[in-house]
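The lines below spell out each chain.
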Amino acid sequence: MKPVKSVTIIDDPQVHEDQHVHAVYDQIASHFSSTRYKPWPIIAKFLSDLPTGWIGLDSGTGNGKYLPLPADRPGSILTIGLDRSRNLLQIAQHAGSEPGCPVTREVVWGDVLGDGWRSGVFDYTISIATIHHLASHDRRKLAVQVRATSRLLQAVSPVHGRVMIYVWAIEQDELSKRSIPASDTNGSDNPMTGEDVFVPWVMSQGQHTAKGKFKNDVETPVYNRYYHMFAKGELEQLTVQAADEFGLMVGSRESANTKGCRGVEIIQEGWERSNYYVELRRWVS
Amino acid sequence: MVRLITHNLLACHVKGCTTNNFPLVFQDVQVELQEAEFNPDFIRNMLSRLEWTALVSAAKQVGDTSLPPEQPDMMDDELLQKLHHVLMEIHVTDGAMVCQNCNHIYPISNGIPNMLLAEHEIG
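So the sequence lines, in the order shown, correspond to chains A and B. If you read the first sequence in our numbering, its first letter stands for residue 1, the second for the next number, and so on. If you read the second sequence in our numbering, its first letter stands for residue 1, the second for the next number, and so on.
Simulated from the structure, these hints should not be mistaken for laboratory data. A few of these clues could be false.
Here are some chain B residues pointing at chain A (derived, C-beta under 7 Å) [to be verified]:
#, residue
1, Thr6
2, Ala11
3, Val14
4, Phe22
5, Val25
6, Val29
7, Val31
8, Asn45
9, Arg49
10, Leu50
11, Ala54
12, Asn114
13, Met115
14, His120
Just so we're clear, the structure is a prediction, and the values are computed from it rather than from any experiment. Beta carbons are placed, not taken as given, at the ideal position from N, Cα and C, and that holds for glycine.
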């Protein structure tokens with residue numbers, strides 16, 4: 001079991017995030033990617049249910065493992081991958097390529113808090129294992145996460161846009177390789193605040209980093225990645241706040257009393273394999 | 001890669017730059033052609049997301065003049081083929097995209113556009 005360390009952010013949040021998220025992924029890109037190839041079933045199903053001709057954004061695409069989906073209808077939708085790590089994007093750019101049959105994916109170097117798109121131009125956005133990396137001081141944490149969620153809602157069509165979000169849960173299943181110190185998960189007065197932790201990434205022997213290959217006699221490098229582990233109910237709370245900030249009603253289209261109201265419906269939410277997820281759909285009454 | 005399908009969705013997001021921030025204009029671009037499988041249903045269904053005039057002018061900037069200036073009402077197979085080529089097979093590998101409003105330059109290198117902003121440019 002890899003121990004997870006509790007952490008408090010004391011330096012500038014942007015510096016903290018650069019150091020403990022962006023720089024780490026640039027260093028471990030190749031090794032990280034070789035361990036991340038299996039799509040989560042619920043996301044695979046989400047993508048496979050989308051109509052032909054839909055265009056979407058994978059915000060925090062990592063190695064781009066969702067870009068080639070759906071597997072049964074390749075090329076029926078187009079997912080554009082966005083990430084902060086350029087080294088991961090270079091891998092994502094060729095996600096799903098077979099030897100002798102290279103495929104090129106659309107990838108963009110950018111920040112999930114950025115907004116470099118025509119408003120509402122996408123049919124869907126997915127944000128998988130990304131929002132939990134956004135760092136800030138405790139009081140402002142929610143603000144940053146809310147803004148990222150709000151960006152996802154803003155990027156999709158007001159009429160039919162769909163959003164799928166996955167974040168890491170405090171509640172880990174028995175298959176998880178990580179152990180969470182028990183004292184860290186119940187030290188808070190508020191059960192909805194989750195936990196800030198460092199999750200170590202241990203480079204395996206002979207793995208390449210951006211700077212070159214490690215020899216056997218050199219100590220194996222360990223990189224600490226910053227995570228906010230979500231508590232039960234926290235993702236839903238985040239969604240409601242983001243909708244609120246963006247001026248959307250939360251509920252079904254039928255719940256709107258007048259015509260022309262804008263809203264978002266929570267289609268499904270839950271816990272799957274150590275992650276919380278939520279699926280959203282925008283609507284206009 | 002920056003294909004024209006992606007270019008048609010991108011807009012400048014520098015703080016305060018909210019009008020005339022689309023489309024970005026290609027500058028000093030290098031282009032590579034890569035064959036892609038033709039999926040007429042995908043092209044037909046995704047068309048309503050595109051800004052036609054922006055697409056035609058972007059295509060001209062990368063040396064393709066096959067599209068009519070106005071979007072035709074009827075999409076025949078020949079036009080869908082042309083659209084497929086323009087949207088899916090032309091890859092901009094290097095160069096830049098420039099905002100017509102604030103002149104911000106978004107560099108493209110090895111097929112990856114850089115949409116990151118400096119701290120003071122973030123809205």
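### Task
Kindly indicate which numbered hints from before are broken by the structure, ordering the numbers from low to high.
Checked against the structure, the hints that fail are numbers 3, 5, 6, 7, 10, 11 and 14, while the rest are satisfied.
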